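J.: Protein sequence lines correspond, in order, to chains A and B.
To get the numbering used here, take the position in the first sequence, counting from 1, and add 103.
To get the numbering used here, take the position in the second sequence, counting from 1, and add 1.
One thing to keep in mind: the hints can contain errors.
[Claimed, not checked] Not the full set, but computed from the structure, chain A residues with beta-carbon under 10 Å of chain B: (1) 153; (2) 158; (3) 160; (4) 163; (5) 176; (6) 178; (7) 182; (8) 221; (9) 222; (10) 224; (11) 263; (12) 287; (13) 289; (14) 290; (15) 293.
Calculated directly from the structure, the hints in this document are not laboratory data.
Quick caveat, the model's predicted, so the values are computed rather than measured.
C-beta atoms are modelled at their ideal positions from N, C-alpha and C, and glycine is treated no differently.
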Amino acid sequence: MARVILVFNKQVISDYPFTKENMTIGRAEENDIVIDNLAVSAYHSRIDRAGDAYILTDLQSTNGTFVNDKKIVSHKLRHKDKITIGKHLLFFALSKAEQARAKEGELDQTMRLDTARQKELLAKQAERKGVAPPAKGERVGVVSFIDGSDQADIQLSKKLTKIGKAETSEIRLGGLFMAPTAATISRRPNGYAITSTGGTKVKVNNQPLQESQILSDFDTIEIGNYKFQFYTQGSEDEK
Amino acid sequence: MELELKAAGVTDVGLKRESNEDYFSVDNDLALYIVADGMGGHQAGEVASKVAVEVINKNVQRWIAEDTPYGELFDHPDSALSQRGNYILSGIKLANRVIYELSKVYAEYKGMGTTIVVLSITPNLVIAGNVGDSRIYLIRGDTIEPLSKEHNMVTEQLEMGLISAEEAETSPLRHILTRNLGSAETVEADVFEIEPRDHDRFLLCTDGLTDLVSDEEILELVKDGDDLEGLCRQLIAKANGKGGNDNVTVSLICVENLADKRQGKIKKIWYRSK
Numbered sequence: 104m105a106r107v108i109l110v111f112n113k114q115v116i117s118d119y120p121f122t123k124e125n126m127t128i129g130r131a132e133e134n135d136i137v138i139d140n141l142a143v144s145a146y147h148s149r150i151d152r153a154g155d156a157y158i159l160t161d162l163q164s165t166n167g168t169f170v171n172d173k174k175i176v177s178h179k180l181r182h183k184d185k186i187t188i189g190k191h192l193l194f195f196a197l198s199k200a201e202q203a204r205a206k207e208g209e210l211d212q213t214m215r216l217d218t219a220r221q222k223e224l225l226a227k228q229a230e231r232k233g234v235a236p237p238a239k240g241e242r243v244g245v246v247s248f249i250d251g252s253d254q255a256d257i258q259l260s261k262k263l264t265k266i267g268k269a270e271t272s273e274i275r276l277g278g279l280f281m282a283p284t285a286a287t288i289s290r291r292p293n294g295y296a297i298t299s300t301g302g303t304k305v306k307v308n309n310q311p312l313q314e315s316q317i318l319s320d321f322d323t324i325e326i327g328n329y330k331f332q333f334y335t336q337g338s339e340d341e342k
Numbered sequence: 002m003e004l005e006l007k008a009a010g011v012t013d014v015g016l017k018r019e020s021n022e023d024y025f026s027v028d029n030d031l032a033l034y035i036v037a038d039g040m041g042g043h044q045a046g047e048v049a050s051k052v053a054v055e056v057i058n059k060n061v062q063r064w065i066a067e068d069t070p071y072g073e074l075f076d077h078p079d080s081a082l083s084q085r086g087n088y089i090l091s092g093i094k095l096a097n098r099v100i101y102e103l104s105k106v107y108a109e110y111k112g113m114g115t116t117i118v119v120l121s122i123t124p125n126l127v128i129a130g131n132v133g134d135s136r137i138y139l140i141r142g143d144t145i146e147p148l149s150k151e152h153n154m155v156t157e158q159l160e161m162g163l164i165s166a167e168e169a170e171t172s173p174l175r176h177i178l179t180r181n182l183g184s185a186e187t188v189e190a191d192v193f194e195i196e197p198r199d200h201d202r203f204l205l206c207t208d209g210l211t212d213l214v215s216d217e218e219i220l221e222l223v224k225d226g227d228d229l230e231g232l233c234r235q236l237i238a239k240a241n242g243k244g245g246n247d248n249v250t251v252s253l254i255c256v257e258n259l260a261d262k263r264q265g266k267i268k269k270i271w272y273r274s275k
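Just need the whole structure built from these sequences, with the hints factored in.
T.: Right under this line is the structure:
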C-alpha cells in the first residue's frame with residue numbers, strides 16, 4: 104500500500120496510508136490530509152489511484168503544488184517523490200510490491216480511470232481555473248437560408264447531410280443545374296466539414312470550394328442560386 | 002459493388018513488451034476493418050481485444066446479411082446515423098457488454114478492457130466508429146485528418162482549456178482513458194459518417210504508432226504506393242525505430258474505382274446546356 108508522509112521543519116508530522124481510491128490535501132477539515140497553514144488552499148491538491156498508478160493533481164491552488172521542486176498541473180507519482188505545498192513537504196512512498204510492479208509499468212501502461220472520478224477531477228480543475236464547465240450536449244450545426252426564401256432553419260441532425268436535388272437529400276434544392284448531391288456536410292472530429300461533390304458550384308464565404316473545408320460559425324455557403332449561413336447551437340441556446 | 006477495396010493489416014509486439022495485446026481483422030467481403038488494443042493483466046488484454054473484434058465482426062455480418070431493422074439491434078439506435086452506421090454502433094456496444102460480463106464472471110479477466118476502432122465502407126458512405134485512444138485517419142490527396150475521437154484525460158483537459166497543447170504531449174495523463182470497452186455496463190461510442198472519394202485511404206492504428214510517429218510522418222509514408230502491406234510494415238518499422246515502446250497495429254485501406262454515376266450524369270447536363 105502506498106503512503107504519504109507529511110513533514111514540516113524536518114519533523115515527520117504524520118503518516119497517511121493510502122486506503123481509499125483518492126486522497127485530498129488542503130486546509131479545510133474535510134480533506135484526508137489537513138494542513139493548517141494560510142499558504143495552503145482549502146482544497147489544494149489530490150491524489151487519485153488509477154490501477155497501479157497514483158496521479159497527483161493540483162486543484163488550481165493559489166500557491167501551487169510542486170513535485171521535486173517543479174510546479175505541476177498533474178503528475179504521475181513515483182516512489183520517493185517529494186511534494187511541496189507551502190512550507191510543508193509530503194513524501195510519496197510505494198510498498199515493495201508496488202515498486203516492483205511500477206518497474207514493469209515504466210512502459211507507460213494504458214489504464215482507465217473511473218468515469219465518475221475523472222469527471223469530478225475535470226470539473227474541479229475547471230472551476231478553479233474559472234473555465235466554464237463542459238456543455239451538457241455537443242453543439243449542433245444549423246444552416247439558415249439567407250437568399251430571401253422563407254424556408255425555416257435546418258438543424259444538421261445527421262452525421263452526414265446530403266444537399267441537392269435527389270429525393271434522398273436531407274436538404275433538397277431545386278433548379279436545372281442542381282446536382283442530385285451537390286455538397287455534403289459531415290460532422291467530423293474536427294467540426295463540421297462541407298465537401299463539394301461535383302456538378303454544381305459551391306462557394307464558402309464567396310470563395311469557390313475546391314474539395315472540403317471545416318465550417319466556422321457564420322460562414323456563408325452558396326450552392327447554385329441558394330445562399331445559407333452556417334452556425335452552431337448549444338443545447339442551452341435552444342430555449 | 003461499385004467500388005473496389007484493397008486492404009492490409011499488420012501487428013507487431015514492438016521492442017519492449019513480451020506479449021501482443023492488440024488484435025485486428027481485415028474483411029474485404031464485408032468492407033469491415035477493425036483494430037483493438039487490449040489492456041489488463043496476465044492474458045486478459047489479449048482476450049479483450051480478440052473478443053471485441055470477433056463480436057463486432059460476427060454480429061455486423063449477421064445484421065448485414067439479414068438486413069436487420071434498427072429496432073432489433075442491441076441497445077438504442079442513433080437516428081443521426083445510417084443503417085450501417087447503427088450496425089457499427091450497436092456492434093461496439095454489444096462487444097462492450099460481452100467483455101464487461103466476462104470480466105465479472107471470471108476472476109482472471111477482472112479489469113480487462115480494450116480500445117476499438119471500426120471502419121466500414123459502402124459505395125456512398127464511410128462509417129468510422131471508435132472508443133478509447135486508437136485512431137482512424139482519412140488520407141485524401143495530400144491531407145490527413147482524424148475520423149476518430151480520443152477518449153483520454155488529456156484530450157478532455159485540452160478541450161476544456163485547462164492545459165496547453167505542449168503540456169498535453171508530455172502529460173502523465175496521456176495514457177489514462179476516459180472510456181474503453183469492458184469497464185462499464187454501457188459505453189458511448191463516437192461514430193462519424195462521410196462520403197467516400199475515389200483513392201481515399203484510411204489508416205486504423207493503435208497508440209503504439211501514434212505515440213511515436215507524427216501525423217505528418219504518417220501522411221508522407223502512406224499517401225502513395227500500391228503495396229499496402231509493405232506500407233504497413235514501414236509504419237511499424239518507423240515506430241520500432243523510435244523505441245518500439247508498445248505493441249503496434251496498423252491497417253491500411255484504399256478505395257479504388259469508385260464509380261461516380263452522379264458526376265457522369267451532371268457532366269452530360271452541362272454539356273447539353275452549352
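J.: Run every hint past the structure and note whether it holds.
T.: How the hints compare with the structure:
1. Given hint, residue 153(A) at the interface with chain B, holds; its Cβ is 6 Å from that chain's nearest Cβ, closer than 10 Å.
2. A distance limit of 10 Å between C-beta atoms decides the matter here; for residue 158(A) the minimum to chain B is near 7 Å, and the interface restraint holds.
3. Given the 10 Å rule on beta carbons, the hint for residue 160(A) holds: about 9 Å separates it from the nearest Cβ of chain B.
4. For residue 163(A), the suggested interface contact is upheld, since its CB lies about 9 Å from the closest CB of chain B, less than 10 Å.
5. Annotation: interface hint on residue 176(A) holds; nearest CB of chain B at approximately 6 Å, less than 10 Å.
6. Because the beta carbon of residue 178(A) sits about 6 Å from the nearest beta carbon in chain B, less than 10 Å, this interface hint is met.
7. Annotation: residue 182(A) was flagged as interfacial toward chain B, and the flag is violated, the nearest CB pair being 15 Å apart, outside 10 Å.
8. Satisfaction of the interface hint for residue 221(A) is found here, the shortest Cβ-Cβ separation to chain B being roughly 6 Å, below the 10 Å cut-off.
9. The restraint placing residue 222(A) at the interface with chain B holds, with a minimum CB-CB distance near 8 Å, inside the 10 Å limit.
10. Of the supplied interface hints, the one on residue 224(A) holds, with its beta-carbon coming within about 8 Å of a beta-carbon of chain B, less than 10 Å.
11. A distance limit of 10 Å between C-beta atoms decides the matter here; for residue 263(A) the minimum to chain B is near 4 Å, and the interface restraint holds.
12. At a threshold of 10 Å, the smallest CB-CB gap from residue 287(A) to chain B is about 5 Å, leaving the interface hint in force.
13. Interface restraint check: residue 289(A) against chain B, minimum CB-CB distance 4 Å, threshold 10 Å, status holds.
14. For residue 290(A), the suggested interface contact is upheld, since its CB lies about 7 Å from the closest CB of chain B, less than 10 Å.
15. Hint status for residue 293(A): holds, given a least beta-carbon distance of 6 Å to chain B, under 10 Å.
When held up to the earlier numbered hints, the structure conflicts with hint 7 and nothing else.
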